[in-house]
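Visitor: These are the residues of each chain, in order.
Number of protein chains: 2
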Amino acid sequence: MKGSELAERVLAGDRRAVARAISLVEDGSKDLPALSAALYPKTGRAHTVGLTGSPGVGKSSLAAMLVQAARARDRTVAVLAIDPTSPFTGGALLGDRLRMQAHATDPGVFIRSMATRGHLGGMALAAPEALRILDASGKDLIVVETVGVGQAEVEVATATDTTLVVVSPGWGDAVQVSKAGILEIADVFVVNKADKEGADDAARDLRNMLRMGPKLAWQPPIVKTSTVDGSGVDELVDAIESHRAHQQESGQLEEKRTRRVLEEVKGMVAERLRARVSELLAQEADGGVAADLAGRMIDPYRAADILLERVSSPSERGA
Amino acid sequence: MKGSELAERVLAGDRRAVARAISLVEDGSKDLPALSAALYPKTGRAHTVGLTGSPGVGKSSLAAMLVQAARARDRTVAVLAIDPTSPFTGGALLGDRLRMQAHATDPGVFIRSMATRGHLGGMALAAPEALRILDASGKDLIVVETVGVGQAEVEVATATDTTLVVVSPGWGDAVQVSKAGILEIADVFVVNKADKEGADDAARDLRNMLRMGPKLAWQPPIVKTSTVDGSGVDELVDAIESHRAHQQESGQLEEKRTRRVLEEVKGMVAERLRARVSELLAQEADGGVAADLAGRMIDPYRAADILLERVSSPSERGA
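First to last, the protein sequences are chains E and C.
Just so you know, my numbering puts 153 at position 153 of the first sequence, and the rest follows in order with no gaps.
Just so you know, my numbering puts 129 at position 129 of the second sequence, and the rest follows in order with no gaps.
Simulated from the structure, these hints should not be mistaken for lab results.
A hint or two may mislead.
As the list claims (entries may be wrong) - Here are the in silico distance ranges between beta carbons for each label pair:
1) E:GLU263 / C:ARG20: 30 to 36 Å
2) E:ALA294 / C:GLU309: 18 to 24 Å
3) C:GLU5 / E:ALA275: 39 to 45 Å
4) E:ALA217 / C:PRO41: 48 to 54 Å
5) E:ASP292 / C:ALA104: 39 to 45 Å
6) E:ALA72 / C:SER231: 52 to 58 Å
To be verified - Here are some chain C residues the structure puts well away from chain E; computed CB gaps all over 12 Å:
7) GLY13
8) SER54
9) GLY108
10) VAL237
11) SER312
Heads up, the beta-carbon is just placed ideally off N, CA and C, and yes, glycines get one too.
In isolation and in its complexed conformation, chain E is listed as follows:
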C-alpha cells in the first residue's frame, strides 16, 4: 500500500488502514512524515480523553464502559491503550483487552494497544501521532488509557482535551494521592469501584484536597462509578462533555491544542538532535569525548559543550 493510498483509506475510516498507520507510528517508520502531512489538515474534530491512575483502579473496565456509553449516544469511539511492553509478560495487557471483545464487530468502535518499538521520542511523541490518525479516521471520541501515574503516563494522559484521574477506595489515602502529583492534572476525578467500602471517604478526601488548592475557573468534578453495576457512567460522560463545552466557550481548547502541538514539535526536534549526538559519539575514534568522560578528564558539562558545538555546525563535521 502506497503512502498516499494509506492516508486516503485512513480518512475513509478503513479499520485495517488505521491499524496499519498506528503500527507505522509504533515502528517510527520513515513513511510517517508523508502520512502526517496528508492527515494533519483533517484533524481537530475528535474529543480526546486521557485516562490515568494507579494500576488496579479499574481503568480498563472504565474504558470499556465509556465505549458503551458513547455508543449509546451514537458516537463513534476509539480506545488507545498504552502498553508498557514488558519482556516478562508480553500479552498481559491483551487479557484486559478481551473485555472489549463485545465491541469487536461494531464498526463504530476501534480498540488498539500500542507500544513503542522504534519511535524515537517514546510514547510521549508516539501517542499524539496515533491520536491524530484516529481523529482523522473520523472517530468522535478517543480514549487513551495509560497504565500508571508516572511522568510519562501523565504526559500522555494530559496530552488530551480532557484528563480523567481514576482512583479507587483501596488505592491509598489522600496523602498518597497527592504524593503521586496527579491532583493538578485532573479535569475530572473518577472514584471507581464505588460499590466498595471507602468510596465516599475517597471522594471526600479528594474534595478536601481540591479545596486546599488554588481557585480554578474549571473546578474538576468528582464522579463515583462502578464497573460492576454500571452506575455513574452517564454522570461521567456528562462531566466529560461539560468540560469540553467549558473549554470551547472559553477558547481554551484551541489554545491548549496549539500549545500541545508546539511542545510536541520541540520534542521532535530535540529527539532528532539527540540521535545526531548518538551518531557523533558512535563515530568517535578511541580517545574521544566518551573516553575522556569515562576517564574523568572532562566533566559532563564540558562534554555537552563539545557535542553541542559539533551538532550545531553540521557543515564543520567533515572538516
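Use these hints to put chain C onto chain E, whose structure you have.
Guide: Frame of chain E, contents of chain C only:
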C-alpha cells in the same frame, strides 16, 4: 561563597556546602558547570542505590532503616528523596522526612529532599548531578528514593549502581507488578511489610514471574523486610553488597556508569537545543511556524524540519 570555595568545601564534606550545591542543581544555576568541573574528577567512590515502588509500599521507612544499617556498619550515608513538587501539598514529603530526624545530628548522615525548580532537564538530569555532589562529599552509600513507578522515577532509580524495587503485600497482584514494567529494572526485590498477611504470596509471585523471564547473569534476590520490627534489613544490605561485588567483578560497574553519563550528556545537549528552539519560536513574528501549525498549514514533521534547520545553523539565524 565563590564557586571554587564551594567546591572545596563540598569535597571537605561540609554539610552546608553540600546543601547549597544541591540547591544550585535544583535551580539550574549558571554556576553548575564550574562546580561540576571541580567535583567530577573526585567522584566514583560512592555506591548509589535507587529505591522505587508504588506510593504506600513504605519506601521512606525503608530508606530510614537502610541509613541505620549503614551506620551500624560504619558507613557514611546520604538519602536523596525526589520530591514531585505538588502545588497542592507543598510539604507532604517533608512529613516523611521527620522519621529521619533521629539522624539529624549524626555527621555521617546527610538527608535531603530534592525538587526541580529551574533545572532544564527535569529530575532525570538533576538527580545524577546531585548524586555526584554527594559522592564527591565523601558519602559511602547514597540512597535515592523516588515516589512512584513511572518512567521518570524509574529513570532516576535506575541511574544508580543498584536498583531496589519495593512492593508490599497490599500493593497488588503479580499482574499489576508486571504491568508497571518494573520487573526488568530490579537488581534486588524488596517485599516490605513482611509482617503483614500476603507477604509470602507476593514473594512467591515475584519468584514465579522472574522464572518466566530471561536467564540473567545476576538473578535479582527477593528480600522480605519489615520496618515495624526491623527484620530483613541485614539481608537487604547483604544483597546490595553482593550486587555491587558482582558488578565490580564482572566489570559491569564501570561500563554501566560510563553508559549512564553518556546518556546524561546526550540529554543535556538535547535539552539545550530544545531551549534554543523555544527561543526561536518565542522570537517569531506573527505568521511563523507556530501560527502555521495552529492553522494546520504545516504538519508537525514539517514544522520540526524547519526548526531543526534553523537551530542547526546558528550562524544563519541573523541572516
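Visitor: Indicate, hint by hint, whether the structure satisfies it.
Guide: Here's how the hints hold up against the structure:
Here the CB-CB span from GLU263 (chain E) to ARG20 (chain C) is close to 33 Å, well matched to the stated 30 to 36 Å. Under the hint 18 to 24 Å, the C-beta atoms of ALA294 (chain E) and GLU309 (chain C), about 33 Å apart, miss the expected range. A hinted range of 39 to 45 Å for the beta carbons of GLU5 (chain C) and ALA275 (chain E) is consistent with their spacing of about 40 Å. The hint said 48 to 54 Å for the Cβ distance between ALA217 (chain E) and PRO41 (chain C), and at roughly 52 Å that hint holds.
Against the hinted window of 39 to 45 Å, the Cβ-Cβ separation of ASP292 (chain E) and ALA104 (chain C) comes to about 40 Å, which satisfies the hint. Between ALA72 (chain E) and SER231 (chain C) the C-beta distance comes to about 54 Å, which sits within the given range of 52 to 58 Å. At roughly 20 Å from the closest C-beta of chain E, the C-beta of GLY13 (chain C) stays outside 12 Å, upholding its exclusion from the interface. With 12 Å as the threshold on Cβ separation, the claim that SER54 (chain C) sits away from chain E is violated: the shortest Cβ distance comes to roughly 7 Å.
With a least beta-carbon separation of about 26 Å from chain E, GLY108 (chain C) lies farther than 12 Å from that chain, consistent with its non-interface assignment. Non-interface status of VAL237 (chain C) relative to chain E is upheld: no Cβ of that chain comes within 12 Å, the nearest being about 26 Å off. SER312 (chain C), annotated as away from the interface, has a beta carbon of chain E within 12 Å; the closest lies near 6 Å.
Consistency with the previously given hints fails for numbers 2, 8, 11, ordered from lowest to highest.
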